[in-house]
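Chemist: Each chain, letter by letter, is given below.
Protein chains: 2
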Amino acid sequence: MSADELKQQRHQARQQRLKEYVDAAVTRANIEKGLLLVITGNGKGKSTAGFGTVARAVGHGLNAAVVQFIKGSWACGERNLLQQHGVEFSVMATGFTWDTQDKAADIEAAERVWQDAERFLADDTLDLVLLDELTYMLSYHYLPLERIEKALMQRPAKQHVVITGRACHRRILELADTVSEIQAVKHAFDAGVKAQQGLDW
Amino acid sequence: MSADELKQQRHQARQQRLKEYVDAAVTRANIEKGLLLVITGNGKGKSTAGFGTVARAVGHGLNAAVVQFIKGSWACGERNLLQQHGVEFSVMATGFTWDTQDKAADIEAAERVWQDAERFLADDTLDLVLLDELTYMLSYHYLPLERIEKALMQRPAKQHVVITGRACHRRILELADTVSEIQAVKHAFDAGVKAQQGLDW
Numbered sequence: 007m008s009a010d011e012l013k014q015q016r017h018q019a020r021q022q023r024l025k026e027y028v029d030a031a032v033t034r035a036n037i038e039k040g041l042l043l044v045i046t047g048n049g050k051g052k053s054t055a056g057f058g059t060v061a062r063a064v065g066h067g068l069n070a071a072v073v074q075f076i077k078g079s080w081a082c083g084e085r086n087l088l089q090q091h092g093v094e095f096s097v098m099a100t101g102f103t104w105d106t107q108d109k110a111a112d113i114e115a116a117e118r119v120w121q122d123a124e125r126f127l128a129d130d131t132l133d134l135v136l137l138d139e140l141t142y143m144l145s146y147h148y149l150p151l152e153r154i155e156k157a158l159m160q161r162p163a164k165q166h167v168v169i170t171g172r173a174c175h176r177r178i179l180e181l182a183d184t185v186s187e188i189q190a191v192k193h194a195f196d197a198g199v200k201a202q203q204g205l206d207w
Numbered sequence: 007m008s009a010d011e012l013k014q015q016r017h018q019a020r021q022q023r024l025k026e027y028v029d030a031a032v033t034r035a036n037i038e039k040g041l042l043l044v045i046t047g048n049g050k051g052k053s054t055a056g057f058g059t060v061a062r063a064v065g066h067g068l069n070a071a072v073v074q075f076i077k078g079s080w081a082c083g084e085r086n087l088l089q090q091h092g093v094e095f096s097v098m099a100t101g102f103t104w105d106t107q108d109k110a111a112d113i114e115a116a117e118r119v120w121q122d123a124e125r126f127l128a129d130d131t132l133d134l135v136l137l138d139e140l141t142y143m144l145s146y147h148y149l150p151l152e153r154i155e156k157a158l159m160q161r162p163a164k165q166h167v168v169i170t171g172r173a174c175h176r177r178i179l180e181l182a183d184t185v186s187e188i189q190a191v192k193h194a195f196d197a198g199v200k201a202q203q204g205l206d207w
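First to last, the protein sequences are chains E and V.
7 is the number of the first residue of the first sequence in my numbering; add one for each residue after it.
7 is the number of the first residue of the second sequence in my numbering; add one for each residue after it.
Bound conformation, chain E alone (with noise of 0.2 Å):
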């Protein structure tokens, strides 16, 4: 057997131990039902990979629909594309705390979303839902905890939910399935860089 032939054997007989141990593995993972999908932490990417979670299920033909806090007051990409297939948004559309200087108006624009989201939250003809930003809802107490939770417990128990935003309040961290923290290991903007359109909105 000549060197290379060896190598190749070699490569085979360990990717035939990963593949057993990988086989084992998805063999276990057996329970199929809705999940809870937090995307949480101060990096880039959390919305961008709620929008996408999106964009997979509606292109498997699934339903899917949308809540954004505190964006959506501007052109928004993926907004533009997702309800080409038919994807409902439930904008908020105030802009951030420091734009619109105004508690009450932004307690009241939260209240009025959120009553959309418990709608698409007890809708069982939805597989996705995601609720982009929510989680300074809470950290702003513009919501109330139980509220949330309560809407989140008792959906269908097929549909899948993803939040997004940074902070996220700990008991909705408990509730969640699976849950990935994005950390900004650099970050354009700190150089300089000015949001552009299409990469950053």
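Quick caveat, the hints were computed from the structure, so don't treat them as lab data.
Mixed in with the good hints, there may be bad ones.
Since the list gives no way to pick one copy over another, a pair counts as held whenever it fits inside one copy or between any two copies.
Restricting the straight-line Cα-Cα distance to at most 20 Å, the calculated cross-link-like pairs of lysine to aspartate or glutamate (EDC-like) are [to be verified]:
1. 109 <-> 10
2. 13 <-> 114
3. 164 <-> 11
4. 164 <-> 206
5. 39 <-> 129
6. 39 <-> 206
7. 25 <-> 196
8. 200 <-> 117
9. 200 <-> 38
10. 192 <-> 155
11. 192 <-> 38
12. 25 <-> 105
13. 200 <-> 26
14. 164 <-> 196
Based on the hints, put chain V in the right spot on chain E.
Modeler: Okay, now just chain V, sitting in the frame of chain E:
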């Protein structure tokens, strides 16, 4: 002035100071250029954030192309959706190393799709190129670092590139403008939940 009015006045003043701080940072960030964004780490959401970025760009009418390393041998919701919007895909489609168990064939497949990547990275009609799971091509030594570096550095000045995958090579991190690291705080798979269409692929 009532207690509520006083509270609102204080909120307004705080938010105004915050706005001045944010506005100053936004004014300082005045560079516009094609960015290299790396999304790495062990958590769920790297590819999804990459595809979300493509969805965002396409939603703004920008042109994007995608190279999928490793994956692509099975159904992919994002691909179904984005191809309808004119996004060109080049797909390695070998599956995981433990599925192929053939290193020479894997390297050949990597080489083949990398040629498409080089074509995309030289095409100034493309606003965004996603190199999904490219990192493994370096950690497995399937592609030479120098070739990847060169193609990234010589690309059109306004072209954005997104690279995803675990354990990104240090040199690529150095070249990157923005690096996000996704950490798995909790993963449903570890609790016995199987990968599900629409959420996991």
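Chemist: Which earlier hints can't be squared with this structure?
Modeler: 3, 8
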